[in-house]
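Engineer: If you're matching positions, the sequence shown starts at 568 in our numbering and goes up one per residue.
There could be a bad hint or two in this list.
To be verified - Computed cross-link-like contacts, BS3-like style, restricted to lysine-lysine with a CA-CA straight-line distance of at most 25 Å:
id, residue 1, residue 2
1, 908, 946
2, 894, 770
3, 884, 792
4, 792, 752
5, 788, 752
6, 770, 915
7, 770, 884
8, 884, 850
9, 908, 884
10, 788, 834
11, 684, 884
12, 953, 908
13, 684, 770
14, 908, 788
15, 850, 830
16, 850, 834
17, 850, 792
18, 946, 894
19, 792, 830
20, 894, 953
21, 850, 788
22, 792, 908
23, 623, 684
24, 894, 915
25, 915, 953
FYI, nobody ran anything at the bench for these hints, they're computed from the structure.
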Amino acid sequence: MRVILMTGKGGVGKTSVAAATGLRCAELGYRTLVLSTDPAHSLADSFDMELGHEAKQIRPNLWGAELDALMELEGNWGSVKRYITQVLQARGLDGVQAEELAILPGMDEIFGLVRMKRHYDEGDYEVLIIDSAPTGTALRLLSLPEVGGWYMRRFYKPFQNISVALRPFVEPIFKPIAGFSLPDKEVMDAPYEFYEQIEALEKVLSDNTQTSVRLVTNPEKMVIKESLRAHAYLSLYNVATDMVVANRIIPDEVQDPFFQRWKENQKQYRQEIHDNFHPLPVKEVPLFSEEMCGMEALERLKNTLYQDEDPTQVYYKENTIRVVQEKNQYSLELYLPGIPKNQVQLSKNGDELSIRIGNHRRNLVLPQALAALQPAGAKMEDDYLKIRFTDGVRS
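With the hints as constraints, model all of the structure from the sequences given.
Structural biologist: Structure follows, in structure tokens:
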């Protein structure tokens, strides 16, 4: 299955680009699903038709759906939700409050991952296009497999085994005092099974022959900066970006003096987009004279974007992480375009390397060749952060 994630700062037009990409893929004969995981759904507005949680056919070879996080939660997390509700009610909260608090923050992002994994496993579609949440939320979503894995391996699995073993002995004493039962095996198994699904999906997300992110941006200073940060962070999570879409460029035929300053600024920012994202291909899309709502408008956008091209192609393959051996030394190279070295913080604990840029952190499990070594310096070269490792004896 080909997986294409469309993301960008809120309001840049990523939903329209996702919908138009879906139209082109269906036109070429691919069974295509466009799935919105953005909490503020607008995919139905883009297609100008009602869409729900389950996939609905829009035209031959094309389906659309908008993720309902509550429905996903009930199907994948129902036993845990009911147990948390029971605990909260025993502590004095009424039914409605307990139900609401049982839905943990960020669950909608997690269930976006689960829905992706389910479609991948079922194999009903050849192309899955994700109309993702705005970049900040989408990047947290991409980090979930690694962050969740760190906690699951170190804390949850040992606790799960102890809890299941002790429950028959402790329950008769615990329940009369606390007013609620200890979690049973179904409740304890659910989070780990959930984590295993997410961990399996990570392999799909990091396979750049199957999965690509396409960044949608506008020729505006703040939007470009966020897009550049997003590109670097995606590389940090080993998720490949294969194209940038520069959207809403004022056409040359617009001669109204009111737009002259806008056009001058856009000329500068358009060049910045091409320069800063090089060597990624950049597709430019004009500001249309009408909203991108309905099939007629989406057809125009589709033709502008792709013409005779196949959107499922991988437009650019970048090796975002690589291990290089030179003589008796190893270096780990991370593709982090546009990030100064002084913004990168490194630390190593056991076989894991922690890489922090701003508020984003990745716990990278090191290859065996590097696990026993220590970081001995880093430098930025050709957009790669090159981290040198030694055994502490050689320099």
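Engineer: With reference to the structure, classify each hint as holding or not holding.
Structural biologist: Structure-based check of all given hints:
1. 908 to 946: holds (7 Å)
2. 894 to 770: violated (31 Å)
3. 884 to 792: Measuring from Cα to Cα gives roughly 22 Å; hence the hint holds.
4. 792 to 752: Violated: residue 792 and residue 752 sit about 47 Å apart, past 25 Å.
5. 788 to 752: Given that 25 Å is the threshold and the Cα spacing comes to 52 Å, the pair is violated.
6. 770 to 915: Holds, because 23 Å separates the two Cα atoms, which is no more than 25 Å.
7. 770 to 884: Satisfied, since the Cα-Cα distance of roughly 16 Å is no more than 25 Å.
8. 884 to 850: holds (16 Å)
9. 908 to 884: At roughly 24 Å apart (the allowed maximum being 25 Å), residue 884 and residue 908 satisfy the hint.
10. 788 to 834: holds (12 Å)
11. 684 to 884: Measuring from Cα to Cα gives roughly 23 Å; hence the hint holds.
12. 953 to 908: Between residue 953 and residue 908 the Cα gap is close to 10 Å, so the pair holds against 25 Å.
13. 684 to 770: Between residue 684 and residue 770 the Cα gap is close to 11 Å, so the pair holds against 25 Å.
14. 908 to 788: With Cα atoms ~22 Å apart, residue 908 and residue 788 stay inside 25 Å; holds.
15. 850 to 830: Roughly 18 Å separates the two Cα atoms, so the pair holds.
16. 850 to 834: holds (15 Å)
17. 850 to 792: Within the cut-off at roughly 18 Å; holds.
18. 946 to 894: Measuring from Cα to Cα gives roughly 19 Å; hence the hint holds.
19. 792 to 830: holds (19 Å)
20. 894 to 953: holds (16 Å)
21. 850 to 788: It holds: about 18 Å lies between the C-alpha atoms, which stays within 25 Å.
22. 792 to 908: At roughly 17 Å apart (the allowed maximum being 25 Å), residue 908 and residue 792 satisfy the hint.
23. 623 to 684: holds (19 Å)
24. 894 to 915: Cα-Cα ~23 Å, so holds.
25. 915 to 953: Distance ~15 Å between residue 915 and residue 953 Cα, so the pair holds.
In this structure, the hints that do not hold are numbers 2, 4 and 5, in rising order.
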